[in-house]
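Colleague: One letter stands for each residue in the lines below.
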Amino acid sequence: AQKITQTQPGMFVQEKEAVTLDCTYDTSDQSYGLFWYKQPSSGEMIFLIYQGSYDEQNATEGRYSLNFQKARKSANLVISASQLGDSAMYFCAMREGTGNQFYFGTGTSLTVIP
Amino acid sequence: DTGVSQDPRHKITKRGQNVTFRCDPISEHNRLYWYRQTLGQGPEFLTYFQNEAQLEKSRLLSDRFSAERPKGSFSTLEIQRTEQGDSAMYLCASSTGYEQYFGPGTRLTVT
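Quick note, the sequences are listed as chains A and B, same order.
Residue numbers for the first sequence, in our numbering: 1 to 114.
Residue numbers for the second sequence, in our numbering: 1 to 111.
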């Protein structure tokens with residue numbers, strides 16, 4: 001089974017609107033970390049936000065927030081007030097327990113329309 | 001802080017040749033990761049170093065792949081007897097905690 005599933009290959013959003021990028025994960029560990037990365041066309045992966053499995057509050061970093069629903073095993077990324085510079089690939093990732101291996105999804109391509 | 005650097009940025013090689021890539025992590029970062037990314041996919045974990053010790057390797061990693069981090073600073077990834085299926089972007093990342101900082105990658109094309 002896939003550890004990370006991103007079901008939206010491509011998404012479009014109007015500038016200044018909010019958008020939600022979906023991510024579901026599969027693990028039997030109680031302790032794990034969830035991550036979102038942005039990869040612009042230049043290719044460099046940029047860390048956006050982190051959520052620990054024991055964190056009770058949803059993580060927020062500026063315009064990024066992570067909608068963490070543990071029972072549903074989902075970790076959706078919400079981008080508020082979209083900007084043209086947000087157009088990129090977005091990857092959800094997970095690290096299980098104390099392991100060092102990161103599992104990435106297949107990504108969602110986000111296009112912000114002016 | 002100059003970020004993670006990788007060299008070369010692009011490499012074209014003929015099938016059967018050996019190639020070596022270098023990664024220079026952020027100086028105080030003790031953790032270093034190598035990933036492979038093919039078109040339309042997310043990064044795939046290859047291996048992990050803590051300081052100079054290689055602590056984890058993907059089971060998918062062929063024995064043609066070897067990585068070193070001799071002094072706990074820079075790392076090299078070598079691919080022996082390259083195959084066309086090795087064509088990909090090879091990414092390096094470093095960290096001290098949970099947040100990984102990625103380099104720009106080395107794009108390998110095997111002809």
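Where hints are given, some of them may not hold.
[To be verified] Covered by chain A, according to a simulated footprint, are these stretches of chain B (three or more residues, beta-carbon under 8 Å): (1) 38 to 49; (2) 55 to 65; (3) 70 to 80; (4) 103 to 109.
[Said to hold, decoys possible] With a Cα cut of at most 30 Å, we get these calculated DSSO-like pairs of lysine-lysine: (5) A:Lys73 x B:Lys11; (6) A:Lys16 x A:Lys70; (7) A:Lys73 x A:Lys3; (8) B:Lys57 x A:Lys3; (9) B:Lys71 x B:Lys57; (10) B:Lys11 x B:Lys71; (11) B:Lys11 x B:Lys57; (12) A:Lys73 x A:Lys16; (13) A:Lys70 x B:Lys71.
[Unchecked claim] Cβ-to-Cβ under 10 Å is the rule here; a few derived chain A residues that face chain B: (14) Pro9; (15) Phe12; (16) Gln39; (17) Ala93; (18) Gly99.
In short, the hints are calculated from the structure, not lab data.
Where a beta carbon is used, it is the ideal one built from N, C-alpha and C, also for glycine.
Colleague: Quick check: the stretch 103 to 109 of chain B, covered by chain A? Criterion 3+ residues, Cβ under 8 Å.
Modeller: holds (count 3)
Colleague: Take the C-alpha atoms of B:Lys11 and B:Lys71, compute the straight-line distance between them, and say whether it is at most 30 Å.
Modeller: Holds: B:Lys11 and B:Lys71 sit about 25 Å apart, inside 30 Å.
Colleague: Just to be careful, I want the Cα atoms of B:Lys57 and A:Lys3 compared with a cutoff of 30 Å; is the pair within it?
Modeller: Distance of about 17 Å is within 30 Å: holds.
Colleague: Quickly compare the C-alpha distance for A:Lys73 and A:Lys16 to 30 Å and report which way the hint goes.
Modeller: Status holds; Cα separation ~29 Å.
Colleague: Is A:Lys73 close enough to A:Lys3, meaning Cα to Cα at most 30 Å?
Modeller: Holds, at about 11 Å.
Colleague: For A:Lys16 and A:Lys70, compute the direct alpha-carbon distance and say whether it is at most 30 Å.
Modeller: holds (29 Å)
Colleague: Assess, step by step, whether the Cα of A:Lys70 is no farther than 30 Å from the Cα of B:Lys71, and give holds or violated.
Modeller: violated (40 Å)
Colleague: Counting residues of the stretch 55 to 65 of chain B with a beta carbon closer than 8 Å to any beta carbon of chain A, are there 3 or more?
Modeller: With 3 residues in contact (Cβ-Cβ under 8 Å with chain A), the coverage given for the stretch 55 to 65 of chain B holds.
Colleague: Just to be careful, I want the Cα atoms of B:Lys71 and B:Lys57 compared with a cutoff of 30 Å; is the pair within it?
Modeller: Cα-Cα ~19 Å, so holds.
Colleague: Taking 30 Å as the top limit, are the C-alpha atoms of B:Lys11 and B:Lys57 close enough?
Modeller: With a Cα-Cα distance of about 24 Å, the restraint between B:Lys11 and B:Lys57 holds, given a limit of 30 Å.
Colleague: Three residues minimum, CB to CB under 8 Å: does the stretch 70 to 80 of chain B make the cut for coverage by chain A? Let me know.
Modeller: It is violated, with 0 qualifying residues against the three required.
Colleague: Given the hinted pair A:Lys73 and B:Lys11, is their Cα-Cα distance within 30 Å?
Modeller: violated (40 Å)
Checked against the numbered hints above, the structure violates hints 3, 5, 13 and 15; every other hint is satisfied.
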